[in-house]
Amino acid sequence: MLATHILVTVALESGTLRFWDGVGGPYVDPDTGDVYRASQFTEDALQSIEAAINGEAFTLALSLVSVPTGAADEIWEYDETNPVSGSVIQISLQNCDQYNQPTEDPEVVFTGTLDNMTVTDQTSESEEGDSQRSTITIEATNVFTLRNITNRAVLSDVDQRARSAILNPSASADRFCERVSQLLSKTIRWPNW
Amino acid sequence: MANILVWPHRLLLPRECEARLVPFTRSGGRTLGGTRPSYRTDMGHWRIDLKDVELDTIAHRRTWDAIDTILGGSSGQIAVPAWALDTAPYASGAEESDILVSHSDGTPFSDGSLYEQSPISIVSSGTTVIGATEISMTIINGFADLSGVRFSYNHALYKTGQVTSISGDTWTVRVSPSIRAQIPTGSDLEFHRPTCLCNLLEDTGMRRAANSQRFERRTVSFVEDTKYWSDMAAS
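Chain order of the listed sequences is A and B. Heads up: the first sequence is residues 1 to 193, going by the numbering used here. Heads up: the second sequence is residues 1 to 235, going by the numbering used here.
By construction, these hints were calculated from the structure, which means they are not laboratory data. Just so you know, even glycine gets a beta-carbon here, dropped at the ideal spot from N, CA and C. Some clues are possibly wrong.
[Claimed, not checked] One side of the interface only, derived from the structure: several residues of chain B facing chain A at Cβ under 10 Å:
no.	residue
1	Phe24
2	Tyr39
3	Arg174
4	Trp229
[Stated by the list, open to error] In silico DMTMM-like cross-links for lysine to aspartate or glutamate, where the CA-CA straight-line distance does not exceed 25 Å:
no.	chain 1	residue 1	chain 2	residue 2
5	B	Lys227	A	Glu80
6	B	Lys51	B	Glu202
7	B	Lys227	B	Glu190
8	B	Lys227	A	Asp157
9	B	Lys227	A	Asp31
10	B	Lys227	A	Asp121
11	B	Lys51	B	Asp68
12	B	Lys227	A	Asp159
13	B	Lys227	A	Glu178
14	B	Lys227	A	Asp174
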């Protein structure tokens, strides 16, 4: 029986957050010595990871559950005081043998930049008393975000140049939309010979 | 590791101690053919139920309430006993009690207590790193079979599986769950009274009532504090 670990690395300014999809103890990368905390993703998170791996997604929202309120507060405070936007987030898959020992180097399946980090607190009632659940959601984007465009929107020359500058920085600016402003109010007449 | 609260295993005695390893598997559900294939993601974490703890005397009830106060809900840590007396590798093959020794002139300490030593002495052989699932152990005083036994090191609980190699007194066995904290070579492993660092499963897990008979039995459930081991590994 083979096992696969999902490893997530977030390179924040002050340090790197590492976690993996597990319920037990920490996972240590045998080559680098990096320690990954066990934390659980929600079901939606697994789905969006899958979509990201298949190259279909341009954004990725990862939700972690089973985070105690205290830890969530710390992250919230960190988020308030430090800029998180723009940090690199990377998701890799680590194949393991039947004894949960890694068999090869982890394979990077998604790389993006952090767009936002939100902390949600929910309260639920039960017979044992009210309980609080904290969820941390990480929103990441990658270059495919640029493919996303609102339906019926008009491409402007400025936008298109900015896009091309990011997508292909070494090339000269994309002049594809240069004449859009002229075409916008253009009336095409049927020729009258 | 200094300030970890340990469950008073002699005073608050459960009728039954159920320590179980909960693996993390994924399954797509049952197929039309009736089978249910599942895959393991993680070797899991421990859950320990202390069933029907006897609360008979004032000392029982006061200790119980004091522990509840110290824990303060499910974030508090406590090292809970995971009974292994029925499978522990005692040298004689049968259950043994603690070895008690007096001073060389036969006198005890001023309060009447004696030196205490575990009847089993087994040390780790070679350093075992975090995440490992195999460990080598050298038997100094114990039964020569280390398959299917429980032990703890620094309140991290493990159980052993199949034996992969035997060389003299050194046994190499599969261990589950994965190693929580590094075990240096030559460390004493606790086979006689293994413990597991736990949190309460629910905030009000140690609630207690007062009744007219002044006698009750309480069941309390614990779940392994895996966050602590992650913090320790990261620091």
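Evaluation of the provided hints:
no.	hint	in the structure
1	Phe24	holds, 4 Å
2	Tyr39	holds, 7 Å
3	Arg174	holds, 7 Å
4	Trp229	holds, 5 Å
5	Lys227(B) with Glu80(A)	holds, 24 Å
6	Lys51(B) with Glu202(B)	holds, 15 Å
7	Lys227(B) with Glu190(B)	holds, 22 Å
8	Lys227(B) with Asp157(A)	violated, 52 Å
9	Lys227(B) with Asp31(A)	holds, 23 Å
10	Lys227(B) with Asp121(A)	holds, 19 Å
11	Lys51(B) with Asp68(B)	holds, 16 Å
12	Lys227(B) with Asp159(A)	violated, 46 Å
13	Lys227(B) with Glu178(A)	violated, 56 Å
14	Lys227(B) with Asp174(A)	violated, 51 Å
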